[in-house]
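Residues per chain, in single letters:
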Amino acid sequence: MPHQHDSMKSDRILSELKLLRESRTITDVDEPMVTVVLFSLDGELYAFPGANVLEILPVEGISPIPGTPECIPGLITVRGDIESVIDLRRVLDLPPPADAQGQILLATGGEVRSGVLIDGVEDVVDVLRTSILPPPRNLDRQTREFVAGGLERDGRSVTLLDPAGVFARAVAP
Amino acid sequence: MNRAETGGSIERLRLLVFSAGSLRFAADADQLAQLREYDPSANQCGTCWFHEAVGLDGVDREAVVRPEVYVVRQGAQEYGFITNAPEDLIERDAGSLRPLPSLVEPFSLVRGIWAALPVERYGIILLVDFFRLAASPGLRSGQGDTP
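Chains as they are written, first to last, in this note's numbering: chain A, 1 to 173; chain B, 1 to 147.
These are calculated hints, taken from the structure and not from any lab test. Do not rely on the hints blindly, as some may be mistaken.
[What the hints assert, rightly or not] Only some residues are given here: those of chain A computed to face chain B with a beta carbon under 8 Å:
{"hint": "1", "residue": "61"}
{"hint": "2", "residue": "66"}
{"hint": "3", "residue": "77"}
{"hint": "4", "residue": "82"}
{"hint": "5", "residue": "108"}
{"hint": "6", "residue": "111"}
{"hint": "7", "residue": "114"}
Predicted, not measured: the structure shown is a model, and the values here were computed from it. Note that beta-carbon positions come from the ideal geometry of N, C-alpha and C, so glycine has one too.
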């Protein structure tokens, strides 16, 4: 009964295909996703892990405080609390912005919480953890302390930063 | 410190608010032994300019338009800090003060700045402890004497 045999074979193959598709689906669901906050700085794209970003704030009234490093322009109030602000351009040795517009990411890293002055938030996206590449090997030791990895977004490369490393760098001698 | 208590164990502070450069500072009024007019011809031993002591860049002595000397005493030692005359005296519960963020505190404490107070009409006021400031490394090494 060749017809019956062929039918059984097709059923078997179809069944296997469905199983394979289901297993792929299960794999996709289980593959860890990471939320990242993409932001621009000096024309380049950077990101913080979303878990480290508490809030996105406008730049309003940064009050200077004497004696702090140059990359800490001052303090802000956030609903009655006082938060520090670090200037990420200065931490990364980038030139000052052409205009004074920008945003502040209120971020945590290690035991530290601080505002981080950036040019502007571009997007908040979920990416596969496996799509995050390790930091390039040719980075110098200081830079490796705050670069957590890299990823691609719409054909552009994104540098994933570690907020704890950024904070440590901001106050390093 | 004023030990008057209100509604429990919350300490009440009387704060003298003054400006230096574009910033506002406040000091516990109970720390001050004396507040006197600045006399450039007087002996200024043990006296220094406040904005220089706290490391406030870009402020000239000429910008201190109403100079007065805030005098504090520790035992037999007397220190004077020259800055603008107080513009306000405010009372606040100690609980309304905010500790400095951990990133800036190590840099600020050594210059006597120990807390911050958000006040609507002033913005952020920096709390300065004149005793801490008098003990800061720059002043301990004798740089504080005003020529």
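Against the structure, the hints come out as follows:
1. For residue 61 of chain A, the shortest C-beta to C-beta distance to chain B is roughly 6 Å, which falls under 8 Å, so the interface hint holds.
2. With a cut of 8 Å, the hint placing residue 66 of chain A at the interface with chain B holds, because the nearest CB-to-CB distance is about 4 Å.
3. With 8 Å as the threshold, the beta carbon of residue 77 of chain A comes within range of chain B, its nearest partner Cβ sitting at about 5 Å, so the hint holds.
4. With a cut of 8 Å, the hint placing residue 82 of chain A at the interface with chain B holds, because the nearest CB-to-CB distance is about 4 Å.
5. Against a cut-off of 8 Å between C-beta atoms, the interface hint on residue 108 of chain A is violated, since the closest Cβ of chain B lies about 11 Å away.
6. Because the closest C-beta pair between residue 111 of chain A and chain B is about 7 Å apart, less than 8 Å, the hint holds.
7. Hint status for residue 114 of chain A: holds, given a least beta-carbon distance of 5 Å to chain B, under 8 Å.
In summary, the one numbered hint that this structure violates is 5.
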